[in-house]
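Participant: Next come the chains, spelled out residue by residue.
Number of protein chains: 2
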Amino acid sequence: MKAIQDYYAEKYSHCYGCGRNNPQGHHLKSYPDGEQTIARFTVPEQYTGGVPEHVYGGMVASLLDCHGTASAAYFAAQNEGLSLDEELGRCRFVTASLKVDFLQPTPIATELVIRASLRAVEGRKVQLEMTMSAAGSITAKAEMLAVRLQN
Amino acid sequence: MKAIQDYYAEKYSHCYGCGRNNPQGHHLKSYPDGEQTIARFTVPEQYTGGVPEHVYGGMVASLLDCHGTASAAYFAAQNEGLSLDEELGRCRFVTASLKVDFLQPTPIATELVIRASLRAVEGRKVQLEMTMSAAGSITAKAEMLAVRLQN
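Chains as they are written, first to last, in the working numbering: chain D, 59 to 209; chain Z, 59 to 209.
Hints were generated in silico from the structure; no laboratory data involved.
As the structure is a computational prediction, the values presented were derived from the model and not from experiment.
Beta carbons are placed, not taken as given, at the ideal position from N, Cα and C, and that holds for glycine.
Facing chain D, a subset of chain Z residues (Cβ under 8 Å, in silico):
no. : residue
1   : Ser-71
2   : Cys-73
3   : Gln-104
4   : Gly-108
5   : Val-109
6   : Pro-110
7   : Gly-116
8   : Ala-119
9   : Ser-120
10  : Asp-123
11  : Thr-153
12  : Ala-154
13  : Ser-155
14  : Leu-156
15  : Lys-157
16  : Val-158
The following label-pair restraints were derived from C-beta to C-beta distances:
no. : chain 1 : residue 1 : chain 2 : residue 2 : range
17  : D       : Gln-208   : Z       : Glu-169   : 27 to 37 Å
18  : D       : Met-59    : Z       : Asp-64    : 43 to 53 Å
19  : Z       : Gly-139   : D       : Thr-100   : 42 to 52 Å
20  : D       : Ser-141   : Z       : Glu-169   : 38 to 48 Å
21  : D       : Ser-141   : Z       : Ala-167   : 33 to 43 Å
22  : D       : Ala-67    : Z       : Leu-161   : 16 to 26 Å
23  : Z       : Ala-154   : D       : Glu-111   : 14 to 24 Å
24  : Z       : Gln-162   : D       : Gly-181   : 17 to 27 Å
25  : D       : Arg-78    : Z       : Gly-194   : 28 to 38 Å
26  : D       : Gln-104   : Z       : Gln-208   : 19 to 29 Å
27  : Z       : Arg-177   : D       : Glu-180   : 28 to 38 Å
28  : Z       : Ser-175   : D       : Lys-60    : 43 to 53 Å
29  : D       : Ala-193   : Z       : Ser-175   : 30 to 40 Å
Just chain D, with the same shape it has in the complex (with noise of 0.2 Å):
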């Protein structure tokens, strides 16, 4: 299943957290499940914290502004009935504000699955609200204002 990153045009898929181009960079999968959308992420041991166990903040905050983006663009598409192919074909999401809430540390080397739902549509704007879990356990919290970017 082609996620929802891989409808990004090539001008806009060079981004080190999520896109296909960047030969470096995490390439953060995100896709829709039911009402919400979901990406799964398994962090790299150099990406740590200040203590080698758990995630660097700045990753927590990478991944949920990667996936939060993305998810954007598809409640977006689903809000106004257009496919993901068209909805990326004439824009992208970027992030506004971002606020996350760190609940407890996140840990490296654990799948992390992190969640995304709608809030608000409104013009060019999307809220939504994220979650990021390891073991079934919420380790942040989020949320995001996206604007749409005219191509």
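Chain Z: place on chain D using the hints.
Facilitator: Using the frame of chain D, we list chain Z on its own:
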């Protein structure tokens, strides 16, 4: 001059964003600067966002996060009349919450200046505000709540 992060205990110095014991990381260094703290960093080209000339969102959040936790330790030490050696010998600050507002794209391969200002210290909690600037123009603003983790 020794950076704030250079006072972190060995066991807390593995962060990909700012740990001296992480050979692959960014090694962000934060310093006192009058009433504020400051860090300067030029983002290497692989950490691009969707378009190659801009920094990816996760990297913006990462630099703000690492500068923020270092700054929290510095402001807490100031508030209690402790040296950084004394403050960071007994604790490390971790992020409870980080909100980033992305005001405009942050350029790659340009020196970024990150500044933090204290908003409040209350027990083991420190609230601060930050800005990221490129060529004198603010590209992102942030609010952080950091919490002291006792040794």
